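Now for the letters of each chain:
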Amino acid sequence: MDELIEKLKVQLIAQLSLEDIEPDEIDSEEALFGDGLGLDSIDALEIIVLLEKEYGIKLDNPKDGQDIMHSVKSLAEFITANQK
Amino acid sequence: MQLFYLKKQITMANYIQRHIRLENNSVFAEGKEIFSIDKDEEFKVFAKSVYKNYEIKYGKFYKMDALSKLGFLASELLLKDFNKDDILPEQIAIICANTSASLHTDVKYQNTLKEIPSPALFVYTLPNIVLGEISIRNMIRGESLFLVQDKFDADFMAEYVDDIFENTNTELCITGWLEISANEEYKANLFLVSKQESNTKFKATELKN
Chain A
235 MDELIEKLKV QLIAQLSLED IEPDEIDSEE ALFGDGLGLD SIDALEIIVL
285 LEKEYGIKLD NPKDGQDIMH SVKSLAEFIT ANQK
Chain B
16 MQLFYLKKQI TMANYIQRHI RLENNSVFAE GKEIFSIDKD EEFKVFAKSV
66 YKNYEIKYGK FYKMDALSKL GFLASELLLK DFNKDDILPE QIAIICANTS
116 ASLHTDVKYQ NTLKEIPSPA LFVYTLPNIV LGEISIRNMI RGESLFLVQD
166 KFDADFMAEY VDDIFENTNT ELCITGWLEI SANEEYKANL FLVSKQESNT
216 KFKATELKN
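Keeping their order, the protein sequence lines are chains A and B.
In case it helps, the working numbering puts the first sequence at residues 235 to 318.
In case it helps, the working numbering puts the second sequence at residues 16 to 224.
Think of the hints as simulated: they come from the structure by calculation, not from any bench.
Here the structure is a predicted model, which means the values were calculated and not measured.
No residue lacks a Cβ here, since even glycine has one placed at the ideal position from N, Cα and C.
It is possible that part of the hints are untrue.
Claimed, not checked - From chain A, some residues computed to sit far from chain B (all C-beta separations above 12 Å):
| id | residue |
| --- | --- |
| 1 | M235 |
| 2 | E237 |
| 3 | I239 |
| 4 | Q245 |
| 5 | E253 |
| 6 | D254 |
| 7 | P257 |
| 8 | G272 |
| 9 | D274 |
| 10 | D277 |
| 11 | K297 |
| 12 | H304 |
| 13 | E311 |
| 14 | F312 |
| 15 | N316 |
What the hints assert, rightly or not - Interface residues of chain B toward chain A, partial, derived using beta-carbon atoms under 10 Å:
| id | residue |
| --- | --- |
| 16 | D121 |
| 17 | Y124 |
| 18 | T127 |
| 19 | A169 |
Full structure from sequences and hints, please.
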């Protein structure tokens, strides 16, 4: 799980063009949206693209997105539970 | 291009307050080079260098496409330390043009269609989005127009800008050329125009491109 979390941080930085941020500056349990990393709705769509492209996971219910994408940790847990 | 409408004669002169040009990996203010990097570096490196050199802090910068980065940086330098406290957002206009529209991003977006279309690129597949980015940053809510022209039409731009000063509540206007081609040849040539008297009257011959 830790390895996946670290990998996800690197992938998120690349996918979301977060050039000024280093992986070790992202707290695994910090909120990705709102006050935490400050991601927006377009970033949410890009994360959906990342899930499909890198992990083969399609988000069937967008309403689940808020819980799944709460933090890097919750994203990693979702991937672990659903990766094909 | 001709303007086909009845218009009031322009009664008051407008003036150029500032001029910023970004071209060939150099930044020029009022015609003088104030910053440059190696000419062989690609635009992305130049843009980041300008952003860092002038200690600009704006979280959205790295998410912008090339055209928006170009316009954002040029406008940051154009408006740097400019006091617009007495001007309402609705009184600030932004009128720009280019020849490649959003082609630089369109090509990148098209490439993503082979696999999964990129939402982050898609939102920049219109050239006027750069005006949106500049407007959000600087709280601009006045007249806004982005034109696609074969080449910069200084006569038209000067006439159009004079007209909005005359016939709307515009007090300040950012105008000029924001171009980046598909092969990354770029040029930003922005002028800050207002009614306040300066050494340079605003007219077509001054909009050198």
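Hint check results:
1. Non-interface status of M235/A relative to chain B is upheld: no Cβ of that chain comes within 12 Å, the nearest being about 26 Å off.
2. Listed as outside the interface, E237/A is consistent with that label: its C-beta sits roughly 25 Å from the nearest C-beta of chain B, beyond the 12 Å cut-off.
3. No beta-carbon of chain B comes within 12 Å of the beta-carbon of I239/A; the shortest separation is about 22 Å.
4. Interface exclusion of Q245/A from chain B stands, the closest Cβ pair being 14 Å apart, more than 12 Å.
5. For E253/A, the shortest C-beta to C-beta distance to chain B comes to about 4 Å, within the 12 Å cut-off, and the non-interface label is violated.
6. Not every beta carbon of chain B lies more than 12 Å from that of D254/A, the smallest distance being close to 6 Å; the non-interface claim is violated.
7. No Cβ of chain B comes within 12 Å of the Cβ of P257/A; the nearest lies about 15 Å off, and the non-interface call holds.
8. The claim that G272/A is not at the interface with chain B is violated, since a C-beta of that chain comes within 12 Å of its own (minimum 6 Å).
9. Remark: the non-interface label on D274/A conflicts with the geometry, its nearest Cβ contact in chain B lying 9 Å away (cut-off 12 Å).
10. Distance check on D277/A: its Cβ comes as close as 8 Å (rounded) to a Cβ of chain B, failing to clear the 12 Å threshold; non-interface status is violated.
11. Every C-beta of chain B lies more than 12 Å from that of K297/A, the closest at about 18 Å, which supports listing it as non-interface.
12. With a cut of 12 Å on Cβ distances, H304/A stays outside the contact zone with chain B, its closest approach being about 20 Å.
13. The beta carbon of E311/A is kept farther than 12 Å from every beta carbon of chain B, the shortest such distance being approximately 23 Å.
14. The claim that F312/A lies off the interface holds: its Cβ sits roughly 18 Å from the closest Cβ of chain B, which is beyond the 12 Å cut-off.
15. At the 12 Å boundary, the C-beta of N316/A stays outside the reach of chain B, the nearest C-beta of that chain being 17 Å off.
16. At about 17 Å, the closest approach between the beta carbon of D121/B and any beta carbon in chain A exceeds 10 Å, and the interface hint on this residue is violated.
17. Annotation: interface hint on Y124/B violated; nearest CB of chain A at approximately 13 Å, more than 10 Å.
18. Below 10 Å, beta-carbon pairs count as interface contacts, and T127/B has one with chain A at about 9 Å; its hint therefore holds.
19. Taking 10 Å as the C-beta contact cut-off toward chain A, the hint placing A169/B at the interface is violated, the least distance being around 35 Å.
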